[in-house]
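Based on the sequences and whatever the hints tell you, model everything.
Top to bottom, those sequences are chains A and B.
Here our numbering is used: position 471 in the first sequence is 471, and no number is missing along the way.
Here our numbering is used: position 54 in the second sequence is 776, and no number is missing along the way.
Please keep in mind that the hints were generated in silico from the structure rather than gathered at the bench.
Just so you know, even glycine gets a beta-carbon here, dropped at the ideal spot from N, CA and C.
Possibly wrong hints are sitting among the right ones.
Claimed, not checked - Which residues of chain A face chain B? A few of them, derived with a C-beta cut under 10 Å, are: (1) M175; (2) L200; (3) E204; (4) P208; (5) Y639.
Listed below, chain by chain, are the residues.
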Amino acid sequence: MSMDDARQTFYAESREMLEEMENLLLELESLPDDPQQLDALFRCVHTIKGSAGLFALDHVVAFTHVVEDVLDRLRDHLIILDRELTALLLSCRDHIAALIELDEDILPEELRRVGEVLLKSLAVYQSSLPASATTLEADMEHGSTVEQCQTGDLVENDCWHLSLRFHADVLRNGMDPLGFLRYLGKLGTLRYVVTLSDDLPTAEDLDPERCYLGFEIDLEAETDKAAIEDVFDLVRDEVELFILPPRSELERYLQVIEALPEEDVRLGEILLKSGALTAKELDNVLSRQDAKRSAGDKEYSRLGEVLIEDLAAQPEVVGAALDKQQKGRQNGARKEQHVRVAADRLDALINLVGELVIASAAADNSAKQNGDTSTQEAVSTLLSLVEAVRDSSLELRMVPIGETFQRFQRVVRDVSQALGKDIRLQISGADTELDKTVVERITDPLTHLVRNAVDHGIEAVELRKQRGKDAQGTVYLNAYHETGSIVIEVSDDGGGLDKDKILAKAIQRELVKPDQELSQSEIFKLIFEAGFSTADAVSNLSGRGVGMDVVRRNIEALRGSIDVESNPGAGTLLRIRLPLTLAIIDGFLTGVGTASYVVPLENVVECLELSAEQRQESRDRNLINLRGEVLPFIRLRDYFDLQGEAGRRENIVVIKHGAQKAGLIVDVLMGEHQTVIKPLGRLFNGLKGISGSTILGTGEVALILDVPSLVQQSSRQEAACT
Amino acid sequence: MSCELTLLNDPDQQPRKLALSGELCIFHALQLHQLLSTGLAPKTDCEIDLSQVSELDTAGVQLLLMAKREAEKANYRLDFIHHSAALLEVIELLNLGSDFGDPLLIPAERRSP
Numbered sequence: 001m002s003m004d005d006a007r008q009t010f011y012a013e014s015r016e017m018l019e020e021m022e023n024l025l026l027e028l029e030s031l032p033d034d035p036q037q038l039d040a041l042f043r044c045v046h047t048i049k050g051s052a053g054l055f056a057l058d059h060v061v062a063f064t065h066v067v068e069d070v071l072d073r074l075r076d077h078l079i080i081l082d083r084e085l086t087a088l089l090l091s092c093r094d095h096i097a098a099l100i101e102l103d104e105d106i107l108p109e110e111l112r113r114v115g116e117v118l119l120k121s122l123a124v125y126q127s128s129l130p131a132s133a134t135t136l137e138a139d140m141e142h143g144s145t146v147e148q149c150q151t152g153d154l155v156e157n158d159c160w161h162l163s164l165r166f167h168a169d170v171l172r173n174g175m176d177p178l179g180f181l182r183y184l185g186k187l188g189t190l191r192y193v194v195t196l197s198d199d200l201p202t203a204e205d206l207d208p209e210r211c212y213l214g215f216e217i218d219l220e221a222e223t224d225k226a227a228i229e230d231v232f233d234l235v236r237d238e239v240e241l242f243i244l245p246p247r248s249e250l251e252r253y254l255q256v257i258e259a260l261p262e263e264d265v266r267l268g269e270i271l272l273k274s275g276a277l278t279a280k281e282l283d284n285v286l287s288r289q290d291a292k293r294s295a296g297d298k299e300y301s302r303l304g305e306v307l308i309e310d311l312a313a314q315p316e317v318v319g320a321a322l323d324k325q326q327k328g329r330q331n332g333a334r335k336e337q338h339v340r341v342a343a344d345r346l347d348a349l350i351n352l353v354g355e356l357v358i359a360s361a362a363a364d365n366s367a368k369q370n371g372d373t374s375t376q377e378a379v380s381t382l383l384s385l386v387e388a389v390r391d392s393s394l395e396l397r398m399v400p401i402g403e404t405f406q407r408f409q410r411v412v413r414d415v416s417q418a419l420g421k422d423i424r425l426q427i428s429g430a431d432t433e434l435d436k437t438v439v440e441r442i443t444d445p446l447t448h449l450v451r452n453a454v455d456h457g458i459e460a461v462e463l464r465k466q467r468g469k470d471a472q473g474t475v476y477l478n479a480y481h482e483t484g485s486i487v488i489e490v491s492d493d494g495g496g497l498d499k500d501k502i503l504a505k506a507i508q509r510e511l512v513k514p515d516q517e518l519s520q521s522e523i524f525k526l527i528f529e530a531g532f533s534t535a536d537a538v539s540n541l542s543g544r545g546v547g548m549d550v551v552r553r554n555i556e557a558l559r560g561s562i563d564v565e566s567n568p569g570a571g572t573l574l575r576i577r578l579p580l581t582l583a584i585i586d587g588f589l590t591g592v593g594t595a596s597y598v599v600p601l602e603n604v605v606e607c608l609e610l611s612a613e614q615r616q617e618s619r620d621r622n623l624i625n626l627r628g629e630v631l632p633f634i635r636l637r638d639y640f641d642l643q644g645e646a647g648r649r650e651n652i653v654v655i656k657h658g659a660q661k662a663g664l665i666v667d668v669l670m671g672e673h674q675t676v677i678k679p680l681g682r683l684f685n686g687l688k689g690i691s692g693s694t695i696l697g698t699g700e701v702a703l704i705l706d707v708p709s710l711v712q713q714s715s716r717q718e719a720a721c722t
Numbered sequence: 723m724s725c726e727l728t729l730l731n732d733p734d735q736q737p738r739k740l741a742l743s744g745e746l747c748i749f750h751a752l753q754l755h756q757l758l759s760t761g762l763a764p765k766t767d768c769e770i771d772l773s774q775v776s777e778l779d780t781a782g783v784q785l786l787l788m789a790k791r792e793a794e795k796a797n798y799r800l801d802f803i804h805h806s807a808a809l810l811e812v813i814e815l816l817n818l819g820s821d822f823g824d825p826l827l828i829p830a831e832r833r834s835p
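Below, the structure is given as structure tokens:
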């Protein structure tokens, strides 16, 4: 992997981490002390810091270090995560996101200032160690312990003492302890190293790929514990690591000695030899130990407890090692399942598959004309394979919508806080999958709808209480699949739309005439007209009159549709319906005269041949009686103003969009057709009733019918009739 | 490149002179273990030239230590001589000079001030 590739991976991973960080922060808001979440939060920042270090992004490391510090204290319950700190950490997250994209030398001044402000705010929460006032305190503490030193409490050694016991498999896993020692040497000076080879078995029993060595190291370095631990980050779960800071308490040495597998006396000698302990100190340790042992089992077991407590008090070592192990395992599992592929490669593949579909249709066509059975058979096998290839390559682009939904936690939180409302976001159907391109393009409209719901949908707290509702408002995001499309619902339990107000506004804006009779749903749909806003006050978030029409246009550009349901006082529901994919669909090919039209197969309910009476009936009215049901229809020949007379027979294709049904009258039904959607040029942007084109096997062009707009049109006709 | 153990003088001559060369690392650990076990099987005094050792890692260190220890146990002499630069670096890093007990020739320019 080249450096550039590695960097790309770093960016991708950091972004993932930042996203996770955001989610965790938001989750923690409702559950502030969950230790696992706090740990996960810490790890996010820790990972970013670590990888940024690899790429020498010092500015990122410097900033993340401070954040990590605060998170560490949070984890140790030295500070608590309140609303204020959450907000601060969220801003820090944003800042990190901005930092990782930039090299230090091109950092804009503005960003630098933001960083400084954040650091200043973080300092309040930060560990007291670096602050000057507290060093004094530490010094005083130190001074008081100097006296105790005479009783042998502190050792004189001014080096870090490290005890390393590598696990047997470390070599097999491709790690060489020597490398870590060399790297450790870069932190400072390796004052003394003792290599413990006591475990080395005889030649017959020795497994040359196992690691038998342990190390006792005295490191002279101006550094902190975290930096030393970082050296062993890669092997964290494959090494027993004990770190004793300079001038540790004698007691700590005693504990390490007991925790290590070697004989206590032998270890004592080693410590003596390495200069970690003076002879007097060692005597002191061993005699204390003896004293403790002779003081009886009770006392001794208590020492064990102390040891455990002490280890537990260093979550950096034990907790981190455990977590690392767990996470490593999870990561391993995940990596096996996923391959990172550049999006443009995937797009290229989909394009090729599209061409393949067209080409195979051409082959099918000519095979049918040839009438050669074996060719036809071969082609039909080919076709089914092409179909399978099409489906699985389209599936590659499917992503669950949950990730997009999660992003709105932040939006809801920020907006509701800015407005002084208490609102939570409830998500369901996060596993629902849809095309990646659709996901990307739906985010903006969704953001708008969610903001609207928070801003205008949910009432102010007082009003909610007056109405006897829970003070906390809820915005729901839901997604599910329905007949070949995905439905995304944004709803709230707020005040609902005010029908009269909308109508008044529409009349004022001359969108409707005062005497026009409109159904409730038609009135609600007015909110999607350009330049429409009913908000009493224009807030800085929404309600500037631009928006809903843009949302509608965005969604229609995706061949989707949006509708509204609302109950006064109970809330509003906006339902977006989108096609699952934008590239290739199963189509139903129909013909009118010489022209061919494709109806997306998922919208087709049934096809019927019109009887003579029905044909007569359809001349006079725009409604047809379908088994007792009234069905509005559109005669495509009339609709597209095609030349020529209708054939001897006519068929009706019943199509469905959402809950509405309509009929399309065509001359012939030509059956299923795999349709590669080719967008129409800009020239045809205003075209109604057509959403795209495709190329048939014969090389002819067929137009793809825009079902949502046709269904709408027919029901409008129906309304006009009745 | 792997590792090799070659006999430099006649098999009957005492002490036997051998030369170990190549990469003494985890990739060849099994091979090295085999080489040392067979090479030292006669359990007679011998001298191993290490000047051609290009690389040494933990696995290599362990095997060299093992060889020394086997010799001690079976009561014959095993001397490592002409340590290569790679070897010296590791011995210095791990402070193994006394564990091996061989005289080390430290090049003048590498001696710490």
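Next item on the list: Report the numbers of all earlier hints that the structure fails to satisfy, in ascending order.
Entry: 5
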